[in-house]
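K.L.:
Sequence:
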Amino acid sequence: MKERVTIVDFSDKILVGKKIKMSLTNDRISVLWKSFKSQLFMIENRVDTSFYSIQIYSPDLNFKEFNSNIIFENWAAVEVIDHFEIPDGMESLIIKEGKYAVFTYYGTAKDAFKTTQYIFEVWLPGSKFQLDVRPHFQLMESDYRPNDSNAKETFWVPVN
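Residues 116 to 275, numbered by the numbering used here, are exactly what the sequence shown covers, in order.
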């Protein structure tokens with residue numbers, strides 16, 4: 116699998132959404148997104164219509180030892196202008212500026228792990244970059260359909 120990567124200087128983003136602690140073994144992402152989307156109308160100061168699926172890992176996690184039982188925080192969120200008005204049941208998150216390696220994936224959500232495997236097993240070890248301790252995320256357009264074989268998502272991996 117040959118992936119094209121772009122290195123992007125990312126600027127601070129303010130997000131509002133919902134979070135859940137989970138592992139890949141105890142995958143609760145569909146529950147998170149269903150809950151978030153049912154309250155999406157309550158967020159009034161959105162920047163655009165894109166969705167962020169964010170993963171926050173423990174700062175001491177060694178990705179070489181990552182396994183499906185590792186607990187992490189997963190967010191369903193959107194970018195907002197400010198975080199002064201947060202709907203009940205939601206929280207704000209600021210993703211700080213820094214470099215990100217960006218990979219574009221087309222396909223169903225269930226096969227996206229192949230891109231993740233490539234990033235951590237092939238690209239990152241062969242690159243000049245180190246993994247940075249900031250949120251990882253996928254960016255999806257408002258019409259994203261996880262079961263569509265042509266669905267597009269971009270994987271944003273923090274690097275330095």
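It should be emphasised that the hints constitute simulated quantities derived from the structure, not laboratory data. Beta carbons: idealized from backbone N, C-alpha and C, even for Gly. Please note: incorrect hints may appear among the correct ones.
[Stated by the list, open to error] Pair by pair, the computed Cβ-Cβ distance ranges are:
| id | residue 1 | residue 2 | range |
| --- | --- | --- | --- |
| 1 | Val-162 | Gln-232 | 27 to 35 Å |
| 2 | Gly-213 | Lys-179 | 19 to 27 Å |
| 3 | Gln-232 | Pro-261 | 16 to 24 Å |
| 4 | Met-157 | Glu-188 | 16 to 24 Å |
| 5 | Pro-202 | Asn-265 | 29 to 37 Å |
| 6 | Gln-232 | Gly-204 | 28 to 36 Å |
| 7 | Pro-174 | Asn-265 | 33 to 41 Å |
| 8 | Val-123 | Pro-240 | 17 to 25 Å |
| 9 | Lys-229 | Asn-177 | 30 to 38 Å |
[To be verified] As a list, the in silico EDC-like pairs of lysine to aspartate or glutamate whose alpha-carbon atoms are at most 16 Å apart:
| id | residue 1 | residue 2 |
| --- | --- | --- |
| 10 | Lys-211 | Asp-127 |
| 11 | Lys-136 | Asp-197 |
| 12 | Lys-211 | Asp-247 |
| 13 | Lys-128 | Glu-180 |
| 14 | Lys-211 | Glu-236 |
| 15 | Lys-214 | Asp-247 |
| 16 | Lys-152 | Glu-194 |
| 17 | Lys-128 | Glu-194 |
| 18 | Lys-179 | Asp-127 |
| 19 | Lys-134 | Glu-188 |
| 20 | Lys-133 | Glu-194 |
| 21 | Lys-133 | Asp-226 |
| 22 | Lys-128 | Glu-206 |
| 23 | Lys-149 | Asp-163 |
| 24 | Lys-211 | Asp-197 |
K.L.:
Determine for every hint whether it applies to the structure shown.
P.N.:
Hints, one by one, checked against the model:
no.	hint	verdict
1	Val-162 x Gln-232: 27 to 35 Å	holds, 31 Å
2	Gly-213 x Lys-179: 19 to 27 Å	holds, 22 Å
3	Gln-232 x Pro-261: 16 to 24 Å	holds, 18 Å
4	Met-157 x Glu-188: 16 to 24 Å	holds, 21 Å
5	Pro-202 x Asn-265: 29 to 37 Å	holds, 32 Å
6	Gln-232 x Gly-204: 28 to 36 Å	holds, 34 Å
7	Pro-174 x Asn-265: 33 to 41 Å	holds, 36 Å
8	Val-123 x Pro-240: 17 to 25 Å	holds, 20 Å
9	Lys-229 x Asn-177: 30 to 38 Å	violated, 22 Å
10	Lys-211 x Asp-127	holds, 5 Å
11	Lys-136 x Asp-197	violated, 25 Å
12	Lys-211 x Asp-247	holds, 12 Å
13	Lys-128 x Glu-180	violated, 30 Å
14	Lys-211 x Glu-236	violated, 25 Å
15	Lys-214 x Asp-247	holds, 9 Å
16	Lys-152 x Glu-194	holds, 14 Å
17	Lys-128 x Glu-194	holds, 7 Å
18	Lys-179 x Asp-127	violated, 28 Å
19	Lys-134 x Glu-188	holds, 7 Å
20	Lys-133 x Glu-194	holds, 12 Å
21	Lys-133 x Asp-226	violated, 24 Å
22	Lys-128 x Glu-206	holds, 14 Å
23	Lys-149 x Asp-163	violated, 20 Å
24	Lys-211 x Asp-197	holds, 14 Å
Consistency note: the structure conflicts with the earlier hints numbered 9, 11, 13, 14, 18, 21 and 23.
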